[in-house]
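Protein chains in written order, with this note's numbering: chain Z, 84 to 451; chain P, 84 to 451.
Rather than coming from a laboratory, the hints here were simulated on the basis of the structure.
Keep in mind the model is a prediction, meaning the values are calculated, not measured.
Just to be clear, a hint being listed does not mean it is correct.
Note that identical chains are pooled: a pair holds if it fits in a single copy or bridges any two copies.
Unchecked claim - Below 25 Å or equal to it, Euclidean Cα-Cα: the simulated DMTMM-like pairs (lysine to aspartate or glutamate) are:
no. : residue 1 : residue 2
1   : 344       : 159
2   : 146       : 233
3   : 181       : 232
4   : 360       : 233
5   : 328       : 408
6   : 328       : 244
7   : 328       : 133
8   : 186       : 206
9   : 360       : 272
There are 2 protein chains.
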Amino acid sequence: MKILTRKENLNNAIQQVQRAVSLKNPLPILAGIKFETRENQVLLTATDLDIGIRCSFPAEVIKEGTTVLPARYISELVKRLPDLPVYIESDPDSGSVKIQYGKSETRINGYPPEEFPELPLPEGIYTFTLPGDLLKEIIRQVVFATGNEESRPVFMGVLFEINGSELQVVATDTYRLAWRRVILENYKENDISLIIPGKTLNELLRIIGSNEQIEVTVTQNQILFVSGNVWLISRLIEGSFPKYKQVIPQDHILMVRLKTKDLLDATERASLLVQEKSPVIKLNIAENKLIVSAYSEAGRVHEELDVYQEGENLQIAFNAHYLGDVLKVIGSEEMTIELSGPLSPGVIKPVGNDEYLSLLLPVRLREE
Amino acid sequence: MKILTRKENLNNAIQQVQRAVSLKNPLPILAGIKFETRENQVLLTATDLDIGIRCSFPAEVIKEGTTVLPARYISELVKRLPDLPVYIESDPDSGSVKIQYGKSETRINGYPPEEFPELPLPEGIYTFTLPGDLLKEIIRQVVFATGNEESRPVFMGVLFEINGSELQVVATDTYRLAWRRVILENYKENDISLIIPGKTLNELLRIIGSNEQIEVTVTQNQILFVSGNVWLISRLIEGSFPKYKQVIPQDHILMVRLKTKDLLDATERASLLVQEKSPVIKLNIAENKLIVSAYSEAGRVHEELDVYQEGENLQIAFNAHYLGDVLKVIGSEEMTIELSGPLSPGVIKPVGNDEYLSLLLPVRLREE
Numbered sequence: 084m085k086i087l088t089r090k091e092n093l094n095n096a097i098q099q100v101q102r103a104v105s106l107k108n109p110l111p112i113l114a115g116i117k118f119e120t121r122e123n124q125v126l127l128t129a130t131d132l133d134i135g136i137r138c139s140f141p142a143e144v145i146k147e148g149t150t151v152l153p154a155r156y157i158s159e160l161v162k163r164l165p166d167l168p169v170y171i172e173s174d175p176d177s178g179s180v181k182i183q184y185g186k187s188e189t190r191i192n193g194y195p196p197e198e199f200p201e202l203p204l205p206e207g208i209y210t211f212t213l214p215g216d217l218l219k220e221i222i223r224q225v226v227f228a229t230g231n232e233e234s235r236p237v238f239m240g241v242l243f244e245i246n247g248s249e250l251q252v253v254a255t256d257t258y259r260l261a262w263r264r265v266i267l268e269n270y271k272e273n274d275i276s277l278i279i280p281g282k283t284l285n286e287l288l289r290i291i292g293s294n295e296q297i298e299v300t301v302t303q304n305q306i307l308f309v310s311g312n313v314w315l316i317s318r319l320i321e322g323s324f325p326k327y328k329q330v331i332p333q334d335h336i337l338m339v340r341l342k343t344k345d346l347l348d349a350t351e352r353a354s355l356l357v358q359e360k361s362p363v364i365k366l367n368i369a370e371n372k373l374i375v376s377a378y379s380e381a382g383r384v385h386e387e388l389d390v391y392q393e394g395e396n397l398q399i400a401f402n403a404h405y406l407g408d409v410l411k412v413i414g415s416e417e418m419t420i421e422l423s424g425p426l427s428p429g430v431i432k433p434v435g436n437d438e439y440l441s442l443l444l445p446v447r448l449r450e451e
Numbered sequence: 084m085k086i087l088t089r090k091e092n093l094n095n096a097i098q099q100v101q102r103a104v105s106l107k108n109p110l111p112i113l114a115g116i117k118f119e120t121r122e123n124q125v126l127l128t129a130t131d132l133d134i135g136i137r138c139s140f141p142a143e144v145i146k147e148g149t150t151v152l153p154a155r156y157i158s159e160l161v162k163r164l165p166d167l168p169v170y171i172e173s174d175p176d177s178g179s180v181k182i183q184y185g186k187s188e189t190r191i192n193g194y195p196p197e198e199f200p201e202l203p204l205p206e207g208i209y210t211f212t213l214p215g216d217l218l219k220e221i222i223r224q225v226v227f228a229t230g231n232e233e234s235r236p237v238f239m240g241v242l243f244e245i246n247g248s249e250l251q252v253v254a255t256d257t258y259r260l261a262w263r264r265v266i267l268e269n270y271k272e273n274d275i276s277l278i279i280p281g282k283t284l285n286e287l288l289r290i291i292g293s294n295e296q297i298e299v300t301v302t303q304n305q306i307l308f309v310s311g312n313v314w315l316i317s318r319l320i321e322g323s324f325p326k327y328k329q330v331i332p333q334d335h336i337l338m339v340r341l342k343t344k345d346l347l348d349a350t351e352r353a354s355l356l357v358q359e360k361s362p363v364i365k366l367n368i369a370e371n372k373l374i375v376s377a378y379s380e381a382g383r384v385h386e387e388l389d390v391y392q393e394g395e396n397l398q399i400a401f402n403a404h405y406l407g408d409v410l411k412v413i414g415s416e417e418m419t420i421e422l423s424g425p426l427s428p429g430v431i432k433p434v435g436n437d438e439y440l441s442l443l444l445p446v447r448l449r450e451e
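Start from the sequences, fold in the hints, and give me the full structure.
This is the structure in structure tokens:
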């Protein structure tokens, strides 16, 4: 392989794929980035076997071929290259790859390219597009609610369910749940139900540029997102997602409406003084006031917020960090909390938007 | 104690003193920040017993007094306070301190203020001022050459020596040495020779604002820097600094002149491919060319730079990281390297400036 390209192109592509490089994997070649020539461009690929990221960049292909370079060295070197044309040439006999710039050169020992795992692009069963900004918003609003217990993989994923033109996106770790609905215009494929790893979606957030259309291709056990010149390929999670609809309370005995920022700020301050092992924040709602309180050995917080209240007075306690997570992504100036009792889940919604809700299980308070 | 102040004033002062807070010290009160009222202002103090930082901020003093608050909680809380007037009130009986903002309040348990170590401002034997920007430049140009072996405290410090109106500043870890000279206009005190801990000077870099005059006060065993409303107090290092002048070579058999950036960039790229345990970079000077090279198991670098050469051809090797450290702070577009032989120290100087030099011991090359 021999190519000629510009530092900036090379650097951008390496930064994109590098997140999929796996430095800790027992398979040493997964610490590498694969270079493959195409017509007038080079494809870079990295994978940790769960996720693969591929990125193309323009280059003059002087000699076709494939090579795999250690991500650590090539990325640090390319960052520091001068703004000169860069030649990359592999010597299949020695396994060494020459990076040449001006009158200087660096040789890096490559990996045997035939050992790099194949990462075939899935042949689509279903393909559709979504505006990148919308997809980002959806992911941010639900992905925080995924769990992290390897023993329960379904909860580490996010359910994407399309019925007709309605896309519903849900995540839950059984302590909290986040749900988002979107109407897909122009969706013409069959109904779909699939579980995407939370980790994949967090990587996708980083890859999606602004004002881009994201092409999504789904197969039996894989999903592919294409954003400009970047491909993100991921396995899907097998298993059936819990029936979440029956968990969402339909009624309530108390509704409060308030400014999202007021409660977020109070929650963040209170989170400083919760007990590490039991990060409890107490909400006491009465007479159009919401009292936020928390305490630990280090001190106590007592905050008083003005709210609009409909229904009974009530005291309830939540995990302070879980409450903070929701408030950060709700995305509306005003919000409501609907409660049915001190031991029933609370429902948090943006005001003027029925397409999002988040549910939080309360913490049982010990008698003080 | 009861005070009324603004969030911004409080936050800035806490950020300044927080660097001296010692979270690991066996004396728990050193994890605290001391609040002391003065007329129309409050003094904050933190210390790890080596360094103390003090900062004042304007406040309405409603009730005089002293209190010590855990740095971790007070700093995180104040960052998150709303932009409202903030009251801080200590209750000497319970040891609890109330921070009040709007209709809300947080109570943090304080430390007994009488346990906080006294940190008297040194009564000056000598006092003089230096422009902050100049002092920053001097520190940056020498402090990297200090050592970090606790067993040899003198090498962990920087020598400040004033003779007449000439200030010479020197640091060495015995493998390298950095020297800077400045003419102090208006210096009227006696001659001084003192060793300031490198750690103190690194903290000072952070504190010095731009376009500020720094007031320096020296006693037998302490030094005080005052920058605006911030005081930095430090112990001095006892002992005698090695006689460094005889180490600096007066002659050379080879001088090369080149662009600082060319060598810095090549050195940084070469540093990626040096051996971890023996980070050697080789400089081969011949016929107005400087070849920079390095190698490790991962690969090899070979860079060719155009230089102006006076004298013999020579090959010499240095610690790549030490060479990079000098090149980053030399501060001139062009530089020279003067060499007297492959086993004699190299001298690096900015072109057109006799007030700075850095000396590097070479690495003995094994026969390859």
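Broken hints, by number: Hints 2, 3, 7, 8, 9 are the ones this structure does not satisfy, whereas the remaining hints hold.
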